[in-house]
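First to last, the sequence lines map onto chains A and B.
Mapping of the first sequence onto my numbering: position 10 corresponds to residue -2, and the numbering continues sequentially without gaps.
Mapping of the second sequence onto my numbering: position 45 corresponds to residue 387, and the numbering continues sequentially without gaps.
None of these hints come from the bench; they were simulated from the model.
Do not take every clue at face value.
As the list claims (entries may be wrong) - Pairs of lysine-lysine residues, derived as DSBU-like cross-links and limited to a Cα-Cα distance of at most 35 Å, are as follows:
no., chain 1, residue 1, chain 2, residue 2
1, A, K83, A, K11
2, B, K385, A, K11
3, B, K385, A, K83
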Amino acid sequence: MSNIFDILLTMRNNPLLENEDLKMPYREQTAWLTLIAMCGTFGPYLGICEAGLVPDAPLPNLRQMAVLGAAALVNMIVLGIGHLVLFTRYPIEAKTPMDERERDIMRRSVNAAYCVLLAGILYVGCVMPFTNHGWAIVNATIFMVVIAEAVHQGMIITNYRS
Amino acid sequence: MNQGFISNRIRTLRFHRGEMSQGELGQRIGVTRQTIAAIEAGKYSPSLEAAFRIAQVFGVPLGDVFQWEENVFR
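Make a model of the complete structure from these sequences and hints.
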């Protein structure tokens, strides 16, 4: 009686399945990378701020700035290493320009993310200044950017999979 | 508006061209293998230009590759 390992072994040795059918498209991989890097760095940053672990001192509040800088730096490092690894593993796919379906996916995801970003920035820029100030507005802006980027990358992933 | 969908015979035509791979077809018309897979599965309708290119690769008229199917259930 075959178990899951036999099935996996069969799949692994099956020449028909050894083609690219099981491989995730390059641009879906980069979307995952961006999404994970964004949520993995700015998520904890916003969580730390929301939990009040960084004191809400008057501007410029250098401690808060240092935490934000660290999150941005880690995000850049993760993205840089991730893209380098993906580029090294799939150099042809990385250099291939987007085709019409990929451009269509990109256009739809950017449109959706733009709407989210617009709504978020309107709230942050037109409503929050009357009730909040300083870093609360900065962090709300970062939160809106993270949400918009999550929608952008999430839609790319969803569209590649549907 | 008439309800319907676009079907295609790309899989059959690839078979008749010596089991041409999706990657090779994609390379010849300038799209990725995943896009060919999506077109074949009916998940993505290609542009008119890409459709003509596909027909050209197989050396058949466009109507032999793509067909408009009336949806009788709607």
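Satisfaction of hint between A/K83 and B/K385, Cα-Cα up to 35 Å: Since the Cα atoms of B/K385 and A/K83 sit roughly 25 Å apart, the hinted pair holds (cutoff 35 Å).
Agreement of B/K385 and A/K11 with the hint, judged by alpha carbon distance not exceeding 35 Å: Cα-Cα ~18 Å, so holds.
Distance restraint between A/K83 and A/K11, which requires alpha-carbon spacing of 35 Å or less: Holds, at roughly 17 Å.
The structure fails none of the hints (numbered hints given earlier).
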